[in-house]
Amino acid sequence: MNVHDFVEFTVFGLTAGGIFFVSASGLVVTYATTGVFNFAHGAIGMMAAFLYWQLTVESGWPALLVVVLIVVVIAPLFGLLIERLLIRGLYGASLATTLVVTVGLLVGLIGIAGEIWEPQRRVVSPFFKDGGFELFGIGFFQGGGSDLFGVPVTWHRAITFFIAVAVAVGLRILLYNTRIGTTMRATVDDRDLVALNGARPAWAGAAAWALGASLAALAGILLASAFSSLDIIVITLLVVDAYAAAVVGRLRSLPMTFLGAMILGLLVNYTVGYLPFAFADDRLPRYLQALPSAIPAIMLFVVLLLLPQARLRGSRLISASKVKVASLRSSLLGGVLLVAAALLVVQFASTDNLFELGKGLGLALVVLSLLPLTGYAGQVSLGQLAFAGVGAWAMVEFGDTSPWLGLLMAVAITAAVGAIVSLPALRLDGLYLALMTLAFAVFMEVLIFRLESILGPDSNLVPRLDLPGLNMDSQGTYFVFMAVVYALLAIGILAMRRAAFGRRLIAMRDSPAACATLGMSTNRTKLLVFTMSAAIAGLGGAVYWGFQGTVTAVEFTMVASLVVLLLAVIGGVSTASGALLGGLFFAIVTIISQEIPELDWLPAIAPAVVGISLARNPDGAVAEIAARLRDQFLGRRTKADGDGEHDPLTDLDATLPLGADLTPVQIEALDRELAIEEVSVGSR
Amino acid sequence: MTEHSEAEESIVGAVRSDWESVFGEVPRPALELRAVKAAYGKIQVLHGIDLVVPAGRVVVLLGPNGAGKSTTLKVASGQLPPSAGSLLIAGRLMNWVSPSALARVGVCTIPEGRGVFPNLTVRDNLRMATYAGASMRDVEATTYERFPRLGERRRQLAGTMSGGEQQMLAMARALTTDPAVLLLDELSMGLAPQIVEELYEQVAKIAALGVSILIVEQFAQTVMGVADAVGLMLSGRMVKVGRPQDLEDDLSRAYLGAEV
Ligand SMILES: Nc1ncnc2c1ncn2[C@@H]1O[C@H](COP(=O)(O)OP(=O)(O)OP(=O)(O)O)[C@@H](O)[C@H]1O
Ligand SMILES: [Mg+2]
Chain A
4 MNVHDFVEFT VFGLTAGGIF FVSASGLVVT YATTGVFNFA HGAIGMMAAF
54 LYWQLTVESG WPALLVVVLI VVVIAPLFGL LIERLLIRGL YGASLATTLV
104 VTVGLLVGLI GIAGEIWEPQ RRVVSPFFKD GGFELFGIGF FQGGGSDLFG
154 VPVTWHRAIT FFIAVAVAVG LRILLYNTRI GTTMRATVDD RDLVALNGAR
204 PAWAGAAAWA LGASLAALAG ILLASAFSSL DIIVITLLVV DAYAAAVVGR
254 LRSLPMTFLG AMILGLLVNY TVGYLPFAFA DDRLPRYLQA LPSAIPAIML
304 FVVLLLLPQA RLRGSRLISA SKVKVASLRS SLLGGVLLVA AALLVVQFAS
354 TDNLFELGKG LGLALVVLSL LPLTGYAGQV SLGQLAFAGV GAWAMVEFGD
404 TSPWLGLLMA VAITAAVGAI VSLPALRLDG LYLALMTLAF AVFMEVLIFR
454 LESILGPDSN LVPRLDLPGL NMDSQGTYFV FMAVVYALLA IGILAMRRAA
504 FGRRLIAMRD SPAACATLGM STNRTKLLVF TMSAAIAGLG GAVYWGFQGT
554 VTAVEFTMVA SLVVLLLAVI GGVSTASGAL LGGLFFAIVT IISQEIPELD
604 WLPAIAPAVV GISLARNPDG AVAEIAARLR DQFLGRRTKA DGDGEHDPLT
654 DLDATLPLGA DLTPVQIEAL DRELAIEEVS VGSR
Chain B
3 MTEHSEAEES IVGAVRSDWE SVFGEVPRPA LELRAVKAAY GKIQVLHGID
53 LVVPAGRVVV LLGPNGAGKS TTLKVASGQL PPSAGSLLIA GRLMNWVSPS
103 ALARVGVCTI PEGRGVFPNL TVRDNLRMAT YAGASMRDVE ATTYERFPRL
153 GERRRQLAGT MSGGEQQMLA MARALTTDPA VLLLDELSMG LAPQIVEELY
203 EQVAKIAALG VSILIVEQFA QTVMGVADAV GLMLSGRMVK VGRPQDLEDD
253 LSRAYLGAEV
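If you read the protein sequences in the order shown, they are chains A and B.
Residues 4 to 687 (this note's numbering) are what the first sequence spells out, left to right.
Residues 3 to 262 (this note's numbering) are what the second sequence spells out, left to right.
Check the hints yourself; a few may be wrong.
Derived DEER-like restraints, expressed as beta-carbon distance ranges [said to hold, decoys possible]:
1. B:G153 <-> A:P311: 30 to 40 Å
2. B:R156 <-> A:A516: 40 to 50 Å
3. A:G92 <-> B:D251: 42 to 52 Å
4. A:V71 <-> B:Q158: 37 to 47 Å
5. B:K44 <-> A:G522: 31 to 41 Å
6. B:A57 <-> A:P311: 24 to 34 Å
7. A:L84 <-> B:D140: 30 to 40 Å
8. B:R245 <-> A:I176: 47 to 57 Å
9. A:S128 <-> B:D140: 52 to 62 Å
10. A:S128 <-> B:Q158: 22 to 32 Å
11. B:Q158 <-> A:F504: 40 to 50 Å
12. B:N67 <-> A:G522: 20 to 30 Å
13. B:N67 <-> A:V71: 28 to 38 Å
14. B:D140 <-> A:L68: 37 to 47 Å
Hints listed in this document are in silico derivations from the structure and should not be mistaken for laboratory results.
It should be emphasised that the depicted structure is a prediction, and the values quoted were computed from it without experimental measurement.
Backbone N, C-alpha and C define an ideal beta-carbon position, used for all residues, glycine too.
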């Protein structure tokens, strides 16, 4: 250990911290202004990094020009587009809805990037690697950078750090010393009052998203040269790592975010640098090599543990789902129908299609775990697939002795893990629970599942349950068995929903503040439902991968885990049949993409697109289609008041229709006629 | 489809001519609602309201809880587009014009509750007031002159000030932005009588400048001094219109719940 090393690790750490801050500050700005946490932040940074590669390396444009083009023009425009198309309609929507929209965007962007940039080696060189440029006879960024205790501080590193400081100062000035910045903060406080002051709250939101996207892009570009080859997932995840820094600032305070980012950057690099010294020959054992990439997740976990209890907010009006809770009779009937349908499918489907449908059914078991958690309790988990993975691993590990023991352990272990994961976030807003589960998914993906002693690099055989008198090795029999498991689980969950505990979940979703006043412990209720949901996912995982026969670590990626949430939304997150539809949707999309090679992008993108478009309807596809049909056949109901009840306006052009019948264009014409120039028309 | 019965439908309530009997002929009032109906979703709350605020006059809306006073103000400020009828400002049709556009042409609204941003400093709150056209320097100067207490607290978060101070800050917007129409919703809510009196002194000063003002209050005494006309609202209708002194009997009856 010496000064040189320490300085080197510190320089690396501050550089990384700088990038984390640039990224985290973008998150904070959009969240603080619009109340929507942008899960797609990392994906925007990733797209920017690839575009940067495309333009500088492939097209040979000058780096500086490309940086300006992306950060100042393209990314802000993209941010504006997102805000206009997806976010503006979300104000006042439930947490689950806002989460699904940006999670869908994340998955969709990753899918699109995968289509545009096929895997190949892509290298981006650091800024001014081969010296800088001359302007008016003065050399800029000449030479390789400067020296600090013999550690070369490259221009790229120096620039990165100074950009971070400049972003911090610039944002501070923008938010606190300009009117648009003040408006952005005011919008968080009281949107309506912003409008009554004469400002346009929608503009503040748009500005925040443009700025957020620009900062994400900047972070992505700064990151790009750090890799021997650009990788879609790695860059997305690195920008995601900034979550931990943003949470240090409680998603509001920029100075605290800066502190968090620097701590994170240093922590990661000291770990990379110093950890090997703890072992013989200064060599990190293989099982610890991924530790540095799991540090942001660990830091998030710790920070959430330390954050003080959130204040309970008053209830806001959420449009309750109109789905009736199925009675025991109808849920039994549904179960019987499902099993009957499964028997028919086994008769008629080809082997390949049966396999895909079976995977869809298995996935549906995992998706079903979101019914009590998201559908009833209004909490969101982004890590259900990771729980399923734990279940599958338990089956591999303990199923050899007896598959029933394996199943039991799958349920018990996932329940315990679920309790531990949810504990730090219980006291906090539902968003933090979602962040925690995402961190869990990443943690499991990069560190745990790949361990030799867990799933390792190769595929593992997953035993199937044995039932007396049945040949469970037959795909058909096992398919029907999965349908039976689904039916039993759904019937059980519905029974729980009808019982006192279920009513408590609904009460907690609708008004946590009221529950607290009544002396009901929302923390315990949350813990219970989260544990239960994790256990269901674990059970589902054990059964699902039994159908597949083998399991490998690479199946449990964060992105796949997010797809589980999207599928739940597509099918309908508040009904027991929703998960089945979600799983079926995925199976059908997969089958189509196999039949039609031109549509091979479908499984990567369709769940995202459909998920985003259905996010606002808690009842999912079926309810949406039913509502459309009703409107179609029964005629759409008009507004609360009928037409033609207006008083004649003697002093206005009587040929113009009045009031609610006016289109914005007509109003504008009217205003012009009346010489009111400043008035623009509300966009409601 | 609507919530009320046929019998209720037949109550016409006060119409424009009732307002004209108070004010005389008003060809182009600063603010006018004509047969305005309004609904939250499918629940209709206003069942045809006529309201006239002539330029430079002060009109007070009174009525028990849930009468629809705040809703009427929301229509006037553009926050809730009428489902039928018209909103006119200076004789121009303003249905569906956004609240921020109305604010910029001179409709200043201080909503129910505290019309301030709690997590912004006093100074930042004043900065928001500049959207209505005044410069930051003028806004600050006028505010601190009228309310020296706010000057001492310019760096304090508005939410940490007392209710009276917050309401002063809200009033500062009305004082400094030189509005054409001022809409005030329950300034007195939860404040000590002395503070309320102070606030209404400021309202009287604003009125003296020729600003047209519509005030919503629960209880009559505090505002009667400044009112040129009073409208009494009951379950979504304007049931009575008159000069303050003419309405005293109706008011006591209305608050006791009797038929008017
Ligand atoms: N956002 C809303 N959604 C649905 N109904 C509403 C909403 N706001 C008000 N209402 C209903 O409209 C009616 C009129 O409400 P409003 O707030 O206008 O009454 P008010 O006269 O201002 O009463 P108060 O003196 O208590 O302020 C009430 O019955 C109320 O329940
Ligand atoms: Mg009110």
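Hints and how they fare:
1. B:G153 <-> A:P311: 30 to 40 Å: At roughly 34 Å between Cβ atoms, P311 (chain A) and G153 (chain B) fall inside 30 to 40 Å, so the hint holds.
2. B:R156 <-> A:A516: 40 to 50 Å: violated (33 Å)
3. A:G92 <-> B:D251: 42 to 52 Å: Given range 42 to 52 Å: holds, Cβ gap about 50 Å.
4. A:V71 <-> B:Q158: 37 to 47 Å: Cβ of V71 (chain A) to Cβ of Q158 (chain B): about 41 Å, so the range 37 to 47 Å holds.
5. B:K44 <-> A:G522: 31 to 41 Å: The hinted range 31 to 41 Å holds for K44 (chain B) and G522 (chain A), with Cβ atoms some 35 Å apart.
6. B:A57 <-> A:P311: 24 to 34 Å: For P311 (chain A) against A57 (chain B), whose Cβ atoms are near 53 Å apart, the range 24 to 34 Å is violated.
7. A:L84 <-> B:D140: 30 to 40 Å: holds (38 Å)
8. B:R245 <-> A:I176: 47 to 57 Å: holds (54 Å)
9. A:S128 <-> B:D140: 52 to 62 Å: holds (54 Å)
10. A:S128 <-> B:Q158: 22 to 32 Å: violated (51 Å)
11. B:Q158 <-> A:F504: 40 to 50 Å: Given range 40 to 50 Å: holds, Cβ gap about 46 Å.
12. B:N67 <-> A:G522: 20 to 30 Å: holds (29 Å)
13. B:N67 <-> A:V71: 28 to 38 Å: Violated: the Cβ-Cβ distance is about 58 Å, outside 28 to 38 Å.
14. B:D140 <-> A:L68: 37 to 47 Å: holds (44 Å)
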